[in-house]
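If you want the building blocks of each chain, they are given just below.
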Amino acid sequence: MIRSIVTRFRHALAIALPVLVLTSTAAQADYHFRGGGAIYSMTDACEAAGYDPNSAYAVSVRYSPSEARGEPPSQVTLGFFTGTEHFSLWGPMAPSGNNFFGGAGRQTWTRFVFYNNRPLLRIVRRTVTERVSASGPDEIGNAREVVMRLRIQNFSNVSGCVVTLVATMRRVAGS
Amino acid sequence: MNLDGFRTAVAAGVVGLAMSATSASAVTEMVGGGFLSNFNAACGDSWPTGSTVQITMRMRPGGAPGNSETLTLASLFTGNLAMHIRYPDRDDGGWAIASGHAIIGGDLTVNPDPMARVRHLESPDGTVFGFEENVATHAIAEVLHFGGIENCRARVNVWLHNR
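For the protein sequence lines, the chains are A and B, in the order given. Quick note, the first sequence lines up with residues 0 to 174 if you use numbering that gives the first Met the number 0. Quick note, the second sequence lines up with residues 0 to 162 if you use numbering that gives the first Met the number 0.
No lab work stands behind these hints, which were simulated from the structure alone. A quick note: this is a predicted structure, and the numbers were derived from the prediction, not measured. Just to be clear, a hint being listed does not mean it is correct.
Among chain A residues calculated to face chain B with C-beta under 8 Å, some are [what the hints assert, rightly or not]:
1. Arg33
2. Pro52
3. Tyr56
4. Ser59
5. Thr128
6. Val146
7. Met168
We put the beta carbon where it would ideally sit given N, CA and C, even for glycine.
With these hints in hand, go ahead and build the complete structure from the sequences.
See below:
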């Protein structure tokens with residue numbers, strides 16, 4: 000009986016393995032988005048990170064959606080002239096209504112730092128502004144250009160620093 | 000020396016300076032970023048067809064409070080290049096002739112020949128919220144003779160906010 004169970008297990012595994020391989024290959028159709036925008040509408044707490052809360056700042060942005068690989072995370076990197084802020088979410092960065100989702104944050108300025116104040120991200124809007132296929136769906140998978148608007152809490156690893164990021168980006172092949 | 004007259008003149012000068020300083024600082028400047036794309040073959044290896052170049056930008060839109068009534072000033076920056084242009088505003092979607100200063104590495108090119116042409120295109124709906132229409136813009140434009148390269152055509156797509 001044990002031998003028949005092992006045989007059936009091996010048989011099931013033999014079927015499953017090719018499926019897993021096929022799935023991995025399909026998920027490797029990779030792309031991300033590159034562009035830029037601005038951060039603004041900051042809370043006073045952002046002064047601790049060196050920002051003027053009443054101003055706005057130019058930023059380059061790179062966005063890697065989980066939908067591109069069919070698996071998490073989704074990631075966004077903000078590039079400043081002398082440093083970066085990076086956020087990841089274990090799931091798609093799709094519009095989330097009024098909900099904030101906890102993610103992970105990392106920053107590279109003079110040092111590389113993992114956030115110890117967990118960033119919370121609200122995806123206010125994600126607008127496909129140009130499609131790859133005009134007749135295809137209005138979804139991130141068919142987006143050639145996209146504008147994304149986020150509200151980010153604990154920005155720059157500063158508790159209470161909240162900013163709005165809006166970025167316009169274009170699809171680029173690869174991860 | 001007429002001290003009273005001097006003091007009056009100084010007082011007037013100080014007030015005048017103060018007013019000037021206030022006026023000079025009250026410009027409308029926008030900052031943000033986006034990308035360059037849609038380069039045509041004429042752009043050659045400098046701007047390969049199919050490539051996307053990330054940029055940041057500073058802009059003083061013509062007609063905005065404190066700015067030129069008619070000229071828009073814009074500077075765009077990549078990792079190793081800066082370009083500055085100024086062009087008259089057109090509401091009709093037509094081409095405006097731009098005067099340009101391009102800084103590439105150690106070279107400086109001023110008012111290249113042919114001079115660039117700029118044409119603003121319609122931006123998509125929903126990328127600027129209603130409450131921020133006076134302080135933010137999603138600007139998309141075509142540029143001809145981009146970077147001083149004859150017939151090189153590029154598209155600029157940026158999202159900017161007042162600073």
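Status of the hints after comparison with the structure:
Among the interface hints, the one on arginine 33 of chain A holds; its C-beta lies about 5 Å from the nearest C-beta in chain B, closer than the 8 Å criterion. For proline 52 of chain A, the suggested interface contact is broken, since its CB lies about 12 Å from the closest CB of chain B, more than 8 Å. With a least beta-carbon distance of about 7 Å to chain B, the hint placing tyrosine 56 of chain A at the interface is held under the 8 Å criterion. Taken as an interface hint, serine 59 of chain A checks out: its beta carbon lies about 5 Å from the nearest beta carbon of chain B, inside 8 Å.
Using the Cβ-Cβ criterion of 8 Å, the hint placing threonine 128 of chain A at the interface with chain B is satisfied: the shortest such distance is roughly 4 Å. Satisfaction of the interface hint for valine 146 of chain A is found here, the shortest Cβ-Cβ separation to chain B being roughly 4 Å, below the 8 Å cut-off. Residue-level restraint check for methionine 168 of chain A holds (minimum Cβ-Cβ distance to chain B is 7 Å; threshold 8 Å).
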